[in-house]
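So the sequences go chain by chain: D and V. Residue numbers for the first sequence follow this note's numbering, so the first one is 1 and each next one is one higher. Residue numbers for the second sequence follow this note's numbering, so the first one is 1001 and each next one is one higher.
There are no misleading hints in this set.
Restricting the straight-line Cα-Cα distance to at most 25 Å, the calculated cross-link-like pairs of lysine to any residue (SDA-like) are:
| # | chain 1 | residue 1 | chain 2 | residue 2 |
| --- | --- | --- | --- | --- |
| 1 | D | Lys323 | V | Asn1055 |
| 2 | D | Lys36 | V | Gln1092 |
| 3 | D | Lys36 | V | Ala1101 |
| 4 | V | Lys1098 | D | Glu62 |
| 5 | D | Lys108 | V | Val1180 |
| 6 | D | Lys310 | V | Tyr1075 |
| 7 | V | Lys1060 | D | Gly338 |
| 8 | D | Lys248 | V | Gly1063 |
| 9 | D | Lys58 | V | Arg1082 |
| 10 | V | Lys1098 | D | Asn281 |
| 11 | D | Lys399 | V | Arg1099 |
| 12 | D | Lys278 | V | Thr1114 |
| 13 | D | Lys278 | V | Tyr1185 |
| 14 | D | Lys36 | V | Lys1084 |
| 15 | D | Lys278 | V | Val1184 |
| 16 | D | Lys278 | V | Gln1107 |
| 17 | D | Lys277 | V | Asp1103 |
| 18 | D | Lys36 | V | Gln1090 |
| 19 | D | Lys408 | V | Glu1097 |
| 20 | D | Lys408 | V | Ala1101 |
| 21 | D | Lys277 | V | Asp1189 |
| 22 | V | Lys1098 | D | Ile405 |
By construction, these hints were calculated from the structure, which means they are not laboratory data.
In case you want the letters, here they are:
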Amino acid sequence: MLNRRLGRFVERVTLLTGLCLVTVGALAEKLGYPEKEELRLGFIKLTDMAPIAIAYEKGFFEDEGLYVTVEAQANWKVLLDGVIDGRLDGAHMLAGQPIAATIGYGTKAKIITPFSMDLNGNGITVSNDIWAQMKPNLPKMDNGLPVHPIKAEALKPVVDKFIESGKPFNMGMVFPVSTHNYELRYWLAAGGIHPGFYAPHKGDTSGQINADVLLSVTPPPQMPATLEAGTIHGYCVGEPWNQQAVFKNIGVPVVTDYEIWKNNPEKVFGITEAFAKKYPNTTVRLTRALIRAAKWLDDNNNANRPEAVKILAQTNYVGADYKVIANSMTGTFEYEKGDKRSVPDFNVFFRYHATYPYYSDAIWYLTQMRRWGQISEDKPDSWYKDIARKVYRPDLYRKAAESLIAEKVMNASDFPDFNNETGFRPEQTHFIDNIVYDGRTPNDYLNKFSIGLKQGETI
Amino acid sequence: MMSTVKRQLAFARVDSFSTQNIVRGVQSVFKGMLLPSLGIVAFLILWSFAASSINTSLGKFPGPQAVFEQVQNLYREHRVEREKEAAFYQRQEARNEKRLAEDPRYQPKIRAYTGKETFWDQIVTSLLTVMSGFLLAVLLAIPLGIAIGLSKKLNTAINPIIQIFKPVSPLAWLPLVTIVVSAVYVTPDPMFAKSFINSLVTVTLCCIWPMVINTSVGVASLNKDWVNVSKVLRLPALQHVKKIVLPASIPAIFTGMRMSLGIAWMVLIAAEMLAQNPGLGKFVWDEFQNGSSQSLSRIMTAVLVIGLIGFILDRSMLQLQRLLSWDKTVELR
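Hey, can you work out the whole structure from these sequences and the hints?
Here's what the structure looks like:
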């Protein structure tokens, strides 16, 4: 009798506790108000800052109770320092910046990314003069236009001529750890041109050791002016600065990064780890606003793009002419003047899970840092994964995405299957030199390149 | 006695209507108005001609017409931004009320508008910065200048330092100022933005030297008779400075101030460009970076506005100088 009573009592208690736990769980899932409401976000004048501009102009930040000031920065260094010293709360960053900051290449700081901003969106442009010299080396199609993708093999004879006559062949990229640096290097090396090594352990961070082509840093918006001045013969930069060269009649874009590596990860949204810890709700809410903006940009097959271009053309965002920005943002890309080709995925903001911070993307950047000597020593595969886990934070992304799904703002089908997602994309095959990349085996990947440091090699 | 005064007045009245005076009046109007207008018209014509023959990668160089259009454009943008600002505050109030209903403990707060700064806002920012930096420099430089002017020993001690720092472009200081300000000026809720402090300190640094030098020279070249008067009257030191030194050296002090303000305005624009601090300099730099077909005419507009403001600043100092200067025989221009 007593036993049975006791049993019933225990049953009830368990049931009650269970109920309590369920309610607590539900409460915990409801996202709290932001701890910090007034935020200052930095960006560089490039079209791929669009998610930030859209989240502001479409009121997605305000929907989260965030009052955001958006501010253009002079160059990537100023932007990074701004985030590190707290002048900026977050920023549109080169994917390499949070990674380099974490491993201490350049300024050491704990920067993380809960949100990947876009895929593709860069191009390599050469001056009219170099283009004229490259043109005879290019295979042509029936209509007389060059076959794409254009490989750096066509540039090699031109560079060789420069070297023979003792003149330097200079090209611009936007930052030592920028996507553009690695893409330009990848393209050059795939065509047999050596872009030079870094040797930070010897104090040489010029990246010009053994170089056939001398790469140097120029801020994106100044690229066309620097090319026009003849200081550089070509550059790799994001839009609209390649299309600007076409409009200004000063250069010809030869290849887009979509052709170098189909759907390569581009910018990320960077914040400090301290910020994410101190303001967890603000972090998730920022991520939510950015996810919604990215989706808006790609919705209905880019239907919103013309409106987005109009916003980006405002002087406080990118500020270039509407038609210059529209050229690439609306799915086309103009190479040589008049040679306009369709590249529907030139700017991808949301499709193909573009906003999810994949570990394998971070590891690709690390492999390129190792390939060109920015990471001077050998590292085991596990090290690559550890760094990627420190910097890329799909856990924060997941929180934001799941709350959006719970509020029925977005559908679960918009996102990767979070329960089964490992953070590694399957083997990626679409590189210009047909080398296959698998983020799980970075050292094997490095051994596949003919130009660049392999496992065990140092400068 | 009265009659003489009346006669003189009458004579003066007649004299002012004399043909000779009319001619002189016309001449002065001609000199004062017509010649400058002629100069401006000639400049406008030359400018349009030159502009239409310069082709840049951003299109033709902007002529007067393009600048005029841009002025209207910038004004329109300013109006639009103000409307957006009003809407922003409205939305914010609605949001605050909604949150207050959900969460009664919430203390609503009105946050400042987060939109972009218009051309007009940038002008105001630059003016505020230059005036604050200038005033700070006045507060530092004039007492220092007086002290140096009064004491030969102090002058000999400090002069080398002043001579070394005077020719340094304040822009060279800028990186140091930026780093030091961000290290030293740390408060959780700062009253002034760091960028404002940076520009302000840079302006102060460049204003200080001409003012110190001019003040000290003015003080040192004080009329010996007046110094003797002060000695005879046994004026205490502070009274001596107040009654004799300051009034006597006002022309010199103001010459220094005018020089500094001119330099300060030029330096501020450059500093804003370099450090991306809000203001007209940032406006110019942003437009240069934008590289749109409108950019050149917007920059040209800014150039003219910068010139105009510089001119107005200089004239205001001149008026102040005329007002305060005791020696009306010296021609000031």
